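K.L.:
Assemble chain B onto chain A, guided by the hints.
2 protein chains.
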Amino acid sequence: MADSDPAHGLEHVQRVVRNVCLIARKLVNSSSCASTREVDVEVLLPAAWFHDCVYVPKNSAQRSEASRLAADRAVVVLTDIGYPAVKFPAIAHAIEAHSFSAQIPCRSLEAQVLQDADRLEALGAIGLARCLMTGGSMGQRLYHPEDPFPTAREPRDDQQSVDHFFAKLLKLPSTMQTDAGKQIASERAGYLVAFLEQLAKEIGVPIQLPSEFRGLQNGALG
Amino acid sequence: MADSDPAHGLEHVQRVVRNVCLIARKLVNSSSCASTREVDVEVLLPAAWFHDCVYVPKNSAQRSEASRLAADRAVVVLTDIGYPAVKFPAIAHAIEAHSFSAQIPCRSLEAQVLQDADRLEALGAIGLARCLMTGGSMGQRLYHPEDPFPTAREPRDDQQSVDHFFAKLLKLPSTMQTDAGKQIASERAGYLVAFLEQLAKEIGVPIQLPSEFRGLQNGALG
Numbered sequence: 001m002a003d004s005d006p007a008h009g010l011e012h013v014q015r016v017v018r019n020v021c022l023i024a025r026k027l028v029n030s031s032s033c034a035s036t037r038e039v040d041v042e043v044l045l046p047a048a049w050f051h052d053c054v055y056v057p058k059n060s061a062q063r064s065e066a067s068r069l070a071a072d073r074a075v076v077v078l079t080d081i082g083y084p085a086v087k088f089p090a091i092a093h094a095i096e097a098h099s100f101s102a103q104i105p106c107r108s109l110e111a112q113v114l115q116d117a118d119r120l121e122a123l124g125a126i127g128l129a130r131c132l133m134t135g136g137s138m139g140q141r142l143y144h145p146e147d148p149f150p151t152a153r154e155p156r157d158d159q160q161s162v163d164h165f166f167a168k169l170l171k172l173p174s175t176m177q178t179d180a181g182k183q184i185a186s187e188r189a190g191y192l193v194a195f196l197e198q199l200a201k202e203i204g205v206p207i208q209l210p211s212e213f214r215g216l217q218n219g220a221l222g
Numbered sequence: 001m002a003d004s005d006p007a008h009g010l011e012h013v014q015r016v017v018r019n020v021c022l023i024a025r026k027l028v029n030s031s032s033c034a035s036t037r038e039v040d041v042e043v044l045l046p047a048a049w050f051h052d053c054v055y056v057p058k059n060s061a062q063r064s065e066a067s068r069l070a071a072d073r074a075v076v077v078l079t080d081i082g083y084p085a086v087k088f089p090a091i092a093h094a095i096e097a098h099s100f101s102a103q104i105p106c107r108s109l110e111a112q113v114l115q116d117a118d119r120l121e122a123l124g125a126i127g128l129a130r131c132l133m134t135g136g137s138m139g140q141r142l143y144h145p146e147d148p149f150p151t152a153r154e155p156r157d158d159q160q161s162v163d164h165f166f167a168k169l170l171k172l173p174s175t176m177q178t179d180a181g182k183q184i185a186s187e188r189a190g191y192l193v194a195f196l197e198q199l200a201k202e203i204g205v206p207i208q209l210p211s212e213f214r215g216l217q218n219g220a221l222g
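In order, the protein sequence lines correspond to chains A and B. Here the numbering used here is used: the first residue of the first sequence is 1, the next is one more, and so on. Here the numbering used here is used: the first residue of the second sequence is 1, the next is one more, and so on.
So that you can see chain A by itself, here it is in the shape it has in the complex (with noise of 0.2 Å):
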């Protein structure tokens, strides 16, 4: 793991970890999952903490290979530990379907789980911290002086901050895979938009969001 990545330092793995015990705790509150979807946390924690364990540079030809390599070397880790290994193939899928590059098919609620917990931290005060912090890295302007909130053209999130909101970050709630990972998701995209709100009335530039979006907006926080 590498230290120079804000985005995936030891700190990443534990709000992971703390992102699919919340998750884990709504479907089990839940009385229409509870009776049919069972969480088994002795595969889902593990996973968590062993999602990221190798790490590939994005701009690597390797990139799609790294959560099966995480999984594998989770398994390796917890085979030295004296895990039970009966519990290995979940946890090994659970690891490699967890990414959006590797472009493997959940097949079980512990990998939806993880999946939607990764995504999360792309989302809410975290979300937008990392957002800003890696364009900040890469140089980037915050807004487009002209159309700040991307009306007359496309989004351009290589050249700016705010333009990743709309190409990818507020888009993320209808991704998730399940009903908790969604209803947190929207009312952590609901504070990207009064972020993006606030931005707004600072530089007076009225903003009109995609109706894509709008129900994002004034979400309560969670």
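Since the list gives no way to pick out one identical chain from another, each pair is judged satisfied if it fits inside one copy or across any two copies.
Distance condition first, Cα-Cα at most 25 Å in a straight line; then the derived BS3-like pairs of lysine-lysine:
| no. | residue 1 | residue 2 |
| --- | --- | --- |
| 1 | Lys201 | Lys168 |
| 2 | Lys182 | Lys201 |
| 3 | Lys171 | Lys201 |
| 4 | Lys182 | Lys168 |
| 5 | Lys201 | Lys26 |
| 6 | Lys26 | Lys171 |
| 7 | Lys26 | Lys87 |
None of these hints come from the bench; they were simulated from the model. Predicted model, so just to flag it, every value in this text is computed and none were measured.
P.N.:
Same frame as chain A, now just chain B:
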């Protein structure tokens, strides 16, 4: 003006012009000020537009001279366009005194308004974005993994972006020169506190603000 410096591009100048207008309007509408303190917009507006017209990098030995150089340059340009020369001394003073590093006391209301307007750039959604983008460009962490909201240690804003809130940003409202500037600064510092509170919630670490900053919580946004 360097395009590569996100903190001092043309958008910064446009926002400072907007901020001086916000502050001036509040001063005019305040019955306690209107009769005794009139803002000269023929001084204030050109001062705001030209306040950063000479760029000196932060690490240059000439840095503390930047506002004096900008004042000189503003007078040259305003002379060229035939702007009334009677305003030049006041415009030049407002520009040279707006900068913290110049250490020139503000002798006029226009200088006070410009200094306040420039400091508002470090608060609110804009201030949050500038802080995080600068932190990202310097390869900082977002927060200290063991003590995210510095309680048992001195803030180190060369290492963690969140520490900059405690070392500098939340102290800014008390440095404002005008009542109107102080009011807007308190509201926008409240936005920064709300970000810290949301972050605390997401990472599951309680936040206890030092007593000097508690008045900034739950402020209405401006």
